[in-house]
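Dock chain B against chain A, hints included.
Order-wise, the sequence lines are chains A and B.
According to the numbering used here, the stretch in the first sequence is residues 1 to 623, in order.
According to the numbering used here, the stretch in the second sequence is residues 1 to 395, in order.
Rather than coming from a laboratory, the hints here were simulated on the basis of the structure.
Since this is a predicted model, take the numbers as computed values, not measurements.
Distance ranges between label pairs, derived from CB positions:
#, chain 1, residue 1, chain 2, residue 2, range
1, A, G172, B, N52, 49 to 59 Å
2, B, C208, A, Q92, 35 to 45 Å
3, B, T261, A, A99, 38 to 48 Å
4, B, V204, A, T13, 24 to 34 Å
5, B, V221, A, R103, 24 to 34 Å
6, B, V204, A, Q92, 34 to 44 Å
7, B, I35, A, Q153, 39 to 49 Å
8, B, I35, A, L18, 28 to 38 Å
9, B, T261, A, L231, 28 to 38 Å
10, A, F36, B, A102, 42 to 52 Å
11, A, N102, B, T261, 41 to 51 Å
12, A, Y148, B, I35, 44 to 54 Å
All C-beta atoms, glycine included, are put in the ideal place defined by N, C-alpha and C.
If you want the building blocks of each chain, they are given just below.
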Amino acid sequence: MYLPSGDRRLVVTPQLALRVAVLGGVALALFAIAFFRLWYLQVLSGDRYLAEANNNRVRNIKVEAPRGKIVDRNGTVLVDNRTALSAQVIPQRLPADTARRNREIRRLGTVLGIKPAVLQRRIRRESRKLPYSPVTLKTDVGLDTVFYLEENQTAFRGVNVRRVFLRRYPYGELGAHLFGTTGEVTKQQLKEGRYAGVSLGDRVGQSGIEYTYDRYLRGKNGASRVEVDALGRPKGELSVRDPLPGKQLRLSIDLAVQKAGQEALASFGRPGAFVALDPRNGDVIGLGSNPSFDPNVFAKSLTRSEYKRLTSPANGAPLTDRAIQGLYPTGSAFKLITSTAVLESGLITPATVLFDGGSLSVGGLVFKNAGGAAYGALSLVRALQVSSDVFFYQLGLMADQRGGDIIQKWASRLGLGHPTGIDLPGEAAGLIPSPAWRNRLFRKHLTDRPWTPGDNINLAVGQGDLQADPLQLAVAYSTIANGGRVVTPHIGLRVEDETGRVLQEIDPRARRKLNISATTRSAIMSGLRAAANDPGGTSAPVFSDFPITVAGKTGTAQRPGQADQSWYAVMAPYSDPRIVVAMTIERGGFGAEAAAPAARRVLAAYFGIKGKKAVGQAGHAPD
Amino acid sequence: MHEQAHAPFGTAVQPFAEPRSRLLQLDFLLLLATIGLIVFGVITLNGAITINSGYFVSRQIAYGVIGLVLMLVVARFDYSRFRELRLALYGAAIGLILLVLAAGGVTRGSRRWLELPFLRFQPSELGKLLLVLALSAFVLERVRRRSEREITARIMLLAIVPTLLVMVQPDIGTGIVYIAIAFTVLFIAGTKWTHFAALGALTVAAVCAVLVVAPALGTPVLKHYQTDRLTAFLHKDNADPKSEGYQLKQAEIAIGSGGKTGRGPKKATQTRLAFLPEGHTDFIFAVVGEQYGFVGGAIVLSLYALLIWRALRILTLAKNLYGALVAGGVAAMLMTQTFINVGGNVGIMPITGIPLPLMSYGGSSVIVTLMAVGLLQSVYVQARQAARAKQETIS
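In isolation and in its complexed conformation, chain A is listed as follows:
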């Protein structure tokens, strides 16, 4: 009931007292709730919220550590770093509203000169791959653009500019196939042990030397704790941990030899490759493939069209490293292996004389010498010198008749048919054709015929199904050169600090020691010396005037549907080989025509021979 009205003095009736008490009770209850909530938030959960508040304001900004330099054996810098600014976006910090987000991306596209659709796609793809990590939109952004982005931070939410180190290759195409690339670590890689200590968004070696020696080259990133406001603007640095730069890697490569090899290859304008090996320890002094490319394109992210250009067979697939991936028959350069096999297995002795009448008929097939030559009666040394095919055909036939896959076994022992173990990823295994191999294929109907003696005859002179790369051939020649040690080729020489002080030697031991008798070795060495020096020797026109006595073997590989491939494998000096060079040039003709003159230029660079003596004339001897 309503209280009596009027200006009469208020009487506090029990009804009014009750209602005021109810109001007071409600107020009391509400105050109690507020107090307890406050108590809960501040006294009971204060530490947790304090942590959240700090988490809000503190950003750990990665300070990228520069990767170590890569230098050649004389200390010449082959790979170093330059700093660049890269525009990144953190997808989670972009405006949540689709229209605003799209507007921002459109604006970004205009500023960076990239189509908005491309940006959208890149952000989507990258954030699917690595959620919560910044997506690089453009590496190497100009200073003007950077200033514009920083000044208009509110219009570009989630966008930031980071200083990054990009690899720089001062010598361009020189050694391009060795170094490999660096790139952001993948989610898969993060699970691997070799990437311990790497975190999302770090750049690691992804191929080549960068991959193999990533552990040393990779530095340790520093961190800067920065206080930011609600818009992400930095307000001050709280603490900083300096980055530790990566260690310097010294390669066994000699830039002069590398340069000579690549230039020699390039001068023929055909695909090819070379390897220069120190037969005593497996140091790779030079290793190159033609056509080459400028690795500087990999410093930034590669465009699709560039990648196509680098892998297209029409351009000779410049990315392919033919020195370790180019598989070809080696032609007569294989005769070193056949010789070792037949001598060591006792099939013949250096004194055994066989008759070369210009051809050999087996089972209705006629195997001829190249160029229609006939060398008459000859022993192994002479056969190597003139590269008598018929002599070696007979050895192939004899080996086949005797059984036991002598040639195949020795080819494998000397380093063919399996990776050599070089410290470059992606090495090919190659193939040594054997009866078991062909008959297996035949049983599976993958080939039209089983093994025949003709296969072994072809193998004896390095033709047919044999597949080897220049590195494997260089290892085989090194083994003969050093008297039986199968070296593990390696490019990494040692790990150093910035001043060049040695921190760790990289010294892969020889994989195995073969029992190769001194007579075998000397017979082969004599044959190869004669081939390169004595009249009638296949490469004598190229090397007879070379100031240093070498021992080398030409090869001319017949490849179906292509002009002959030119090969040359050489050891120098003859008396005590310190370098083995294996050189091949696709469609280069006879070994003496292309590969041998190219190899001479490599040797000249190694021995410091300059001027006219460095370049020999090409020979025309078939082999």
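Below, chain B without anything else, positioned relative to chain A:
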């Protein structure tokens, strides 16, 4: 007061004490709570604003001084005279709110203020006070015989008109305060419990209609941002800094990180680095929480408790029913605003954009709230004078 009446020499000293006692006749505890909150508000404001804090602080001090002067003026007045002006007061309230709708300025999507030379005047703030005075008077207007149901319905209708008008602005928070004022005035005036039950049911039905039925029928009454606001405190993990959920989360972090004794203005990173939005207005309580911790928050809450206790106490002392109703209306106004604001800050209630009385930055709110406190003081002063007069007649 009654104690004073029994005091020895009470009447003998009265004439001489008259000039001095005029001021001392104010309710001292109420004055203490008022000034305490204003001062605490200015101190907090100084730490809450990082850019151009001098401007805001000096203006807030000016508003406080003007408000205190007006409070004293109102306190000297006999509030009973407002009863006769009820129609003018009510008309003024409606007129001002309509004027805003016609010519007001827009802030964050709502049309709430009129541009005056010294301040952005929010008529809906003054409307609270006018409504307290007018509704209290209308309740007492029972010259003609009416049934109690008619009175209740009439008062609610009178309250709903301005409520709907401010909700159109849109300003839901002020609408809630208006309804709370009307309910409390009716409650103190003695409306039957059954009427309250019916009104309560109606309110629930109306809220359901607005929040559930209307959107389901495809004609939402509330704008999108309003629904977001009202439901944001239920999902605070929204990462979008522009969202209400994010703001509430930041407020919660700010308060929580204050801990027992606070981080102080220098280390209060939530405030200083602008993670906490609107630290000087809607979220000033969160700033108190971060900078002065549980101790600071408890002091502020205690001052509000003191304020409301004194308002209810003055209600019971009033010389007439009108005074009691006015005091009840003012108490309701202060209570509703305080709890809705603090509740929003500590994350247990929706954010409705209601300023924290006497502490949030803003001239209209500070001045009107101080005038409302002035009314309370007036009721108190009048009660004392009436008691003294009675004492004199008795003696």
